[in-house]
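J.: The primary structure of each chain is shown beneath.
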Amino acid sequence: MSYQKYYVPEESKYPIYIATALFLLVMGAAGTINDLGKPASNSVYILYSGFAVFAATLYFWFRAVIREHIAGLDSSQLQKSFVFGMGWFIFSEVMFFAAFFGALFYVRNFSVPWLGGEGEKGLANMLWEGFESSWPVMSTPDAGSGYVLADKNMSWPGWSNVLKWLPLWNTIVLLSSSVTVHFAHLALKNDNKKSFNTWLGVTVALALIFVGLQAAEYYEAYAHYGLTLNSGIYGSTFFMLTGFHGFHVMMGGFMLAVMLCRSVFYNHFDPHSHFGFEAASWYWHFVDVVWVMLFLFVYIL
Amino acid sequence: MSAVIESHNHDDHHHGPAKGLTRWLYTTNHKDIGSLYLWFSFAMFLIGGAMALVIRAELFQPGMQIVEPEFYNQMLTLHGLIMVFGAVMPAFVGLANWLVPMMVGAPDMALPRMNNLSFWILPFAFFILLSSLFMEGGAPNFGWTFYAPLSTTYAPPSVTFFIFAVHIMGASSIMGSINVIVTIMNMRAPGMTLMKMPLFVWSWLITAYLLIAVMPVLAGAVTMMLMDIHFGTSFFNAAGGGDPVLFQHIFWFFGHPEVYIMILPAFGIASHIIETFSRKQLFGYASMVWAMASIAILSFVVWAHHMFTVGLPLAAELFFMWATMLIAVPTGVKVFNWVTTMFKGSITYETPMLFAIAFVVLFTIGGFSGLMLAITPADFQYHDTYFVVAHFHYVLVPGSIFSIMAAVYYWIPKWTGNMYDERLGKLHFWLSFVGVNVTFFPQHWIGLAGMPRRIPDYALQFADWNMISSVGAFLFGASQILFLFIVLKTVMGGKKATPEVWEGSRGLEWTVESPAPYHTFTTPPKVS
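Line by line, the protein sequences give chains B and U.
Counted from 1, the first sequence has number 169 at position 166 by our numbering; the numbering is strictly sequential.
Counted from 1, the second sequence has number 462 at position 59 by our numbering; the numbering is strictly sequential.
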């Protein structure tokens, strides 16, 4: 076994561009958000410019890494670094969702029952007497303080209506996409690039369908249910959890779409070396698992 | 694993560093990035320290003396945020950058470009944070723990900038930690099994795991704040069914592991230094590793001991009390191991050893006051008093910061190739040691006597000890200028250091020449 040199680029301009882009992005975002409701704000242009630099740099950075791989600069040890790195990145994403699931757990089991007068800290009911705890909370403890109360919620509609229930179809779509991306992986391992492209294409299409259904659900919530970010803690947890998940679906779908383009247009990936695709598919499975949790804890229970 | 590592690239062009400013902007070298982190951390240490001196100047005498209460609150908040996220954490990341690849026999960090990104986010993030001082409504004024609703309903507009600054700091920490973990897991020299790793490497492996686990939770917390402030959600608003206490739960789920993030690398550093200057093998290596791992795991189930007085159910108060006291066991194991390592050693007291011994003694004092605070009924008395301030400054200043200073003195000959001035180093130590204790020890008493924390004015009976505390703070602050001078002097020149630097030093970093070559271990050494 001979040791292959671990490739360390002498220097790189990409990171400082990304750091600058992040600076512009967050300055622009914070300024834009602070100026919401005011007539004109220039911050939004800072935000856009940050995004443009960010996207462009990421493109060139990934292109550089792909070219290094094609040139054979990355030893198997370096490839292992990418594998570890992606795994730990997904772990950090798990913990991000854990914060929101934790918040959901807390409000459902503690703060809402306490405000409704139940449990050890039921004394809290004296703040807004008459508030009754239930989940989903369809009213807010202080109903008069500008909250938009929802008429309907997104929870389990009962067996008789289950087929008209959008989240069920979303679940079916997303679970199937995890299967199709796995088929794509198997096809790649069997050196069947055509089948790989097909299955990956199907996966990307399912991702798009999911995002479309989710958009329809949000439209329904805002337009017909009166369920918004501003309808109390149920709306808060519902939109933040499904919203961040939807955002991650878009990112994961984008990654898979990039992999599809790399495969179709550049004939990247071979049966033994395809970690770019594998990382994206891991991410996709992760997004899928989060959805199963959402389906369980946000929708059904 | 046992294969002989034969290099077939002796043609290795051993590049030195690039020239000019772009060397620092574009660098992928772990030593350059380590230096950047350390200098950045030192700059933040001075800025955060200046803010602490504003606080201590105001508290020198009772009555409103120097600053407005609003500005006092901003100083208090920024001091905490800058010291935690700008001084202590980047210093440890800088040490990890310099040392981990050398200690495990790796050519560099596993993901060198991302390493550069992790660093360069920080100056931008702290530029945003500091620029909030000049924004309408002033800088964040809600304390470094930014409890809702102070940080939501009643926050100044600059809170939005604060939120996004925290977001990118978190991204920096997560990327930095991923890099450390991957380096340790994937880049160790052949023969270096996990239980042969130097303890500083072990401490950082565990720290990095904690960071990846909790920084995203902090991101979640500030995101909920952002939504509550600007987009009408009610996570931390009971009127909508949420709970301000929820914020504290999420914050401290991040915050308690965070405090161990700021001490675990210090444990690693102390172990190396005490071992070297006692000229003995460290006592209880395996138990040190297990103790750190236990502390890390326990850190996830003790967070509510910061919240005993907010109205938790009784079962929670009891659980978090017992879980917290349990942490004293592995921590005690570590302290006893250090003491036992010194026992019957041929000890010499160079500056790093002085700082390390002071670390053990003073950190233990901070640990004991922590144990007092862990007792729920007692905490009802101590909560939000200066006793708490004394406690966490004892673990952070003579704890974390002394360990960082010890590390700088210990490894600076390896970094620069020059020995520091021992006489000045000792002077710096004694000034710091006296300064720290004069500053923080009296705060135990005024806290127990009932002086609340986070106030610009106080009752007359606390006047004397506050005055002494302020004198100590200025002494400590001034002595750090001496530290800067010593470091600069060492960088410029001094007695040449040998490769092993210290008699009795152990580890791969002492096998390479001093200063360490720009690229160490382009082919891995063999560890037996």
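FYI, nobody ran anything at the bench for these hints, they're computed from the structure.
Be careful, since some hints might not be right.
As the list claims (entries may be wrong) - As a list, the in silico DSSO-like pairs of lysine-lysine whose alpha-carbon atoms are at most 27 Å apart:
#: 1; chain 1: U; residue 1: K683; chain 2: U; residue 2: K892
#: 2; chain 1: U; residue 1: K683; chain 2: U; residue 2: K422
#: 3; chain 1: B; residue 1: K167; chain 2: B; residue 2: K155
#: 4; chain 1: B; residue 1: K8; chain 2: B; residue 2: K124
#: 5; chain 1: U; residue 1: K829; chain 2: U; residue 2: K929
#: 6; chain 1: B; residue 1: K8; chain 2: U; residue 2: K683
#: 7; chain 1: B; residue 1: K83; chain 2: U; residue 2: K683
#: 8; chain 1: U; residue 1: K747; chain 2: U; residue 2: K829
#: 9; chain 1: U; residue 1: K599; chain 2: U; residue 2: K829
#: 10; chain 1: U; residue 1: K422; chain 2: U; residue 2: K599
#: 11; chain 1: B; residue 1: K16; chain 2: U; residue 2: K422
#: 12; chain 1: U; residue 1: K599; chain 2: B; residue 2: K83
#: 13; chain 1: B; residue 1: K8; chain 2: U; residue 2: K422
#: 14; chain 1: U; residue 1: K599; chain 2: B; residue 2: K8
#: 15; chain 1: B; residue 1: K83; chain 2: B; residue 2: K167
#: 16; chain 1: U; residue 1: K892; chain 2: U; residue 2: K422
#: 17; chain 1: B; residue 1: K16; chain 2: B; residue 2: K124
J.: Next step is simple, just say for each hint if it's right about the structure.
T.: These are the hints, each one checked on the structure:
no. : hint              : in the structure
1   : U/K683 <-> U/K892 : 31 Å, violated
2   : U/K683 <-> U/K422 : 42 Å, violated
3   : B/K167 <-> B/K155 : 15 Å, holds
4   : B/K8 <-> B/K124   : 62 Å, violated
5   : U/K829 <-> U/K929 : 37 Å, violated
6   : B/K8 <-> U/K683   : 36 Å, violated
7   : B/K83 <-> U/K683  : 37 Å, violated
8   : U/K747 <-> U/K829 : 23 Å, holds
9   : U/K599 <-> U/K829 : 33 Å, violated
10  : U/K422 <-> U/K599 : 38 Å, violated
11  : B/K16 <-> U/K422  : 15 Å, holds
12  : U/K599 <-> B/K83  : 22 Å, holds
13  : B/K8 <-> U/K422   : 25 Å, holds
14  : U/K599 <-> B/K8   : 24 Å, holds
15  : B/K83 <-> B/K167  : 46 Å, violated
16  : U/K892 <-> U/K422 : 22 Å, holds
17  : B/K16 <-> B/K124  : 56 Å, violated
Checked against the numbered hints given earlier, the structure breaks hints 1, 2, 4, 5, 6, 7, 9, 10, 15 and 17 and satisfies all the rest.
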